[in-house]
Amino acid sequence: MKTVTTTRFGVLSVNDEDVLHFPKGIPGFYDHREWILAGEDENPIKWLQSLSDEAIALPVMPPQAVLPEYNAKIVAGDLGDLFVDDDGDLSTMVVVSIPPDAPWNMTANLRAPIVVNVKKRLAKQVICANDEYSMRAFILSDAVRASFEAQASRTAAEEAGATSSETIPPTGGAPKDSCAAPAGEEEA
Amino acid sequence: MLVLTRKVGEGLVIGEEIEITVIETRGDSVRLGVSAPRSVGVWRRELWDQIREENLKAAAQSPKISLDTLLSKKDTEE
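First to last, the protein sequences are chains A and B.
Numbering-wise, the working numbering puts 125 at position 125 of the first sequence, and it's gapless, one number per residue.
Numbering-wise, the working numbering puts 36 at position 36 of the second sequence, and it's gapless, one number per residue.
Incorrect hints may appear among the rest.
[To be verified] Footprint (simulated), chain A over chain B, 3 or more residues, beta carbon under 8 Å:
1. 17-29
2. 35-43
[To be verified] Below 20 Å or equal to it, Euclidean Cα-Cα: the simulated PhoX-like pairs (lysine-lysine) are:
3. A:Lys-73 with A:Lys-124
4. A:Lys-46 with B:Lys-7
5. A:Lys-46 with A:Lys-124
6. A:Lys-2 with A:Lys-73
7. A:Lys-24 with A:Lys-124
8. B:Lys-57 with A:Lys-124
Hints in this document: simulated from the structure, not taken from any laboratory.
Predicted model only: the values in this text are computed from it and were never measured.
All residues carry an ideal CB built from backbone N, CA and C; glycine is no exception.
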């Protein structure tokens, strides 16, 4: 057991058996060989936290949460690198990209899953042979994204209205501040 | 890096099982044929570059909206 300090999660205690070993690193982070999975149980998005750099964490989620029939074809050489002798030892996750200005447009990289040999704690990001899988598959449906988009532009319009009312006296009507909960809008 | 000059129809053998043949050249494009065992992944270089970009982007962000809000919305819709 050791403790690691992370930017996002504070101090975590890590058992040796929790560590995921990426012998070749992850593209973009080739020198980062040891990572752990952090996050809350109820949230499908977890974070792959680097043990080489406290500030580096990649959001990941199960591909089936994006595409229920997800079935990556992985070349034998990649499975060989993970010393897989039973397919039941395999677990797959995909990297999630969350645009800061429009998080509802978050996407998952279905083409390049991270494959884990759970028993040996060995992992690798691979390219699967399914060229129909997008590197940027939207996670939320079009309708849900449109509803968040509309919510955001309404909020922006209200903020713009609030600034102009500093010079012009309000013409009545309570200021709307009920924009916290996007659920239950007319689009739903 | 090993640099070799090859003509159309000529090839390279890498190890015992991988063979690359120059099929055709047209302008600045070269068509290559690759024969390799199915256990070996053969990908365009840009694919790995894109994966690297996606990973760097994914690691750089800290969204203002909590993910809980986004995902619970998905649940209520379904």
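> Does the alpha-carbon distance linking Lys-24 of chain A and Lys-124 of chain A stay inside the 20 Å limit?
Replying inline: holds, 7 Å
>> Tell me if the straight-line CA distance from Lys-73 of chain A to Lys-124 of chain A falls inside 20 Å.
In response: Roughly 14 Å separates the two Cα atoms, so the pair holds.
>> Three residues or more, CB to CB closer than 8 Å: is that satisfied between the region 35-43 of chain B and chain A?
In response: Since three or more residues must qualify, the claim that chain A covers the region 35-43 of chain B holds, with 5 doing so at under 8 Å.
> Going straight from one Cα to the other, do Lys-46 of chain A and Lys-7 of chain B come out at no more than 20 Å?
Replying inline: violated, 51 Å
> In terms of beta carbon proximity below 8 Å, does the region 17-29 of chain B have 3 or more residues touching chain A?
Replying inline: violated (count 0)
> Regarding the pair Lys-2 of chain A and Lys-73 of chain A, is the alpha-carbon distance no greater than 20 Å?
Replying inline: violated, 36 Å
>> Holds or violated: Lys-57 of chain B and Lys-124 of chain A, Cα atoms, limit 20 Å.
In response: holds, 19 Å
> Is Lys-46 of chain A close enough to Lys-124 of chain A, meaning Cα to Cα at most 20 Å?
Replying inline: Holds: Lys-46 of chain A and Lys-124 of chain A sit about 17 Å apart, inside 20 Å.
In summary, the numbered hints that this structure violates are 1, 4 and 6.
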